[in-house]
Amino acid sequence: DTAVSQTPKYLVTQMGNDKSIKCEQNLGHDTMYWYKQDSKKFLKIMFSYNNKELIINETVPNRFSPKSPDKAHLNLHINSLELGDSAVYFCASNQGLAGGYQETQYFGPGTRLLVL
Amino acid sequence: EDQVTQSPEALRLQEGESSSLNCSYTVSGLRGLFWYRQDPGKGPEFLFTLYSAGEEKEKERLKATLTKKESFLHITAPKPEDSATYLCAVRTRSGGSYIPTFGRGTSLIVHP
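Protein chains in written order, with the numbering used here: chain X, 1 to 116; chain U, 117 to 228.
It is worth saying that the hints were derived from the structure and are not from the lab.
Glycine residues also receive a C-beta, built at the ideal position from the N, C-alpha and C atoms.
Heads up, a few of these hints could be off.
[As the list claims (entries may be wrong)] Straight-line Cα separation of at most 27 Å, BS3-like style, residue types lysine-lysine; simulated pairs: (1) K52(X) with K185(U); (2) K185(U) with K40(X); (3) K41(X) with K175(U); (4) K179(U) with K40(X); (5) K71(X) with K158(U); (6) K195(U) with K41(X); (7) K19(X) with K158(U); (8) K19(X) with K40(X); (9) K41(X) with K19(X); (10) K71(X) with K44(X); (11) K158(U) with K44(X); (12) K179(U) with K44(X); (13) K40(X) with K71(X).
[As the list claims (entries may be wrong)] Incomplete in silico selection of chain U near chain X, CB under 8 Å: (14) A126; (15) L129; (16) F162.
[Stated by the list, open to error] Derived, one-sided and incomplete: chain X residues facing chain U with beta-carbon distance under 10 Å: (17) Q37; (18) D85; (19) F90; (20) P109.
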């Protein structure tokens, strides 16, 4: 069974469009994350939610808006897509508040976004 | 600003040729150093967490060590299936949260 799943796996769209990426985890974790991995494989945290509450919000344009309808889901909506948004977006989850020790993050398979 | 530097960027080994990957860091208040493995087209997979200098962890052919300034991932007698990108991340405290900062990874290829 998939622990952390993301949809879609691939997303090709035009500049200026609005798109959403969905993430679900069936591990019973209460903390979820969005990461962006650029073309040089640099992985950078964007957001983190704990029990549907935003706890980490790194320097990310306002065009990116995360939403957590419940603790098993964390979606990412992107408005007015730009060329520089092209990247792989990873969802991750772990048990315990992001500040807790000894938690292991489980990553999803990634969503490959290409903005043309 | 917290910095994580991994070296080398890429490493090619023959099967059975042991080597080490380096992760050096400059952070204020380390709250854990993590090693992940990432296969092409997949998400990172957790390998180890180290918390204090002198700590070591092992898993099959991999052994991770930690000092106050760097961590090493030692690969003993690697096999082709060890080929992957190995990512290092440090976690530091920022306000009431803990922020992970990743290095750019070392791409390892093990030839049969």
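Hints, verified against the model:
1. Annotation: proposed proximity of K52(X) to K185(U) is violated, straight-line Cα distance about 36 Å (limit 27 Å).
2. Proposed proximity of K185(U) and K40(X) is supported: the alpha carbons are some 24 Å apart, at most 27 Å.
3. Proximity of K41(X) to K175(U) is assessed by CA-CA distance (about 25 Å); at most 27 Å being required, the pair is judged to hold.
4. Distance check on the hinted pair: K179(U) and K40(X) sit about 26 Å apart at the alpha-carbon level, within 27 Å; holds.
5. This hinted pair checks out: K71(X) and K158(U) have alpha carbons roughly 23 Å apart, not beyond 27 Å.
6. The straight-line distance between the Cα atoms of K195(U) and K41(X) is roughly 23 Å, inside the 27 Å bound, and the hint therefore holds.
7. About 22 Å separates the Cα atoms of K19(X) and K158(U), which keeps this hinted pair within 27 Å; it holds.
8. Taking the CA atoms of K19(X) and K40(X), the gap is about 23 Å. The hint holds against a cut of 27 Å.
9. A C-alpha spacing of about 22 Å is found between K41(X) and K19(X), which places the hinted pair at or below 27 Å, so the restraint holds.
10. For the hint linking K71(X) to K44(X), the alpha-carbon distance of about 22 Å falls within 27 Å, and the restraint holds.
11. Among the hinted pairs, K158(U) with K44(X) is consistent with the structure: their alpha-carbon atoms are about 16 Å apart, no more than 27 Å.
12. About 25 Å separates the Cα atoms of K179(U) and K44(X), which keeps this hinted pair within 27 Å; it holds.
13. With a C-alpha separation of about 31 Å, the suggested pair K40(X) and K71(X) falls outside the 27 Å cut-off, and the hint is violated.
14. Interface hint at A126(U): violated, since its Cβ lies 11 Å from the closest Cβ of chain X, which is beyond the 8 Å cut-off.
15. Because the beta carbon of L129(U) sits about 19 Å from the nearest beta carbon in chain X, more than 8 Å, this interface hint is broken.
16. The beta carbon of F162(U) comes within 5 Å of a beta carbon in chain X, closer than 8 Å, and the hint placing it at the interface holds.
17. For Q37(X), the interface hint holds, the least distance from its beta-carbon to any beta-carbon of chain U being 9 Å, beneath 10 Å.
18. About 19 Å separates the beta-carbon of D85(X) from the nearest beta-carbon of chain U, more than 10 Å, and the hint is not met.
19. The interface hint given for F90(X) holds, since its Cβ lies 5 Å from the closest Cβ of chain U, which is under the 10 Å cut-off.
20. The criterion of a C-beta within 10 Å of any C-beta in chain U is met by P109(X), whose closest approach is roughly 5 Å, and the hint holds.
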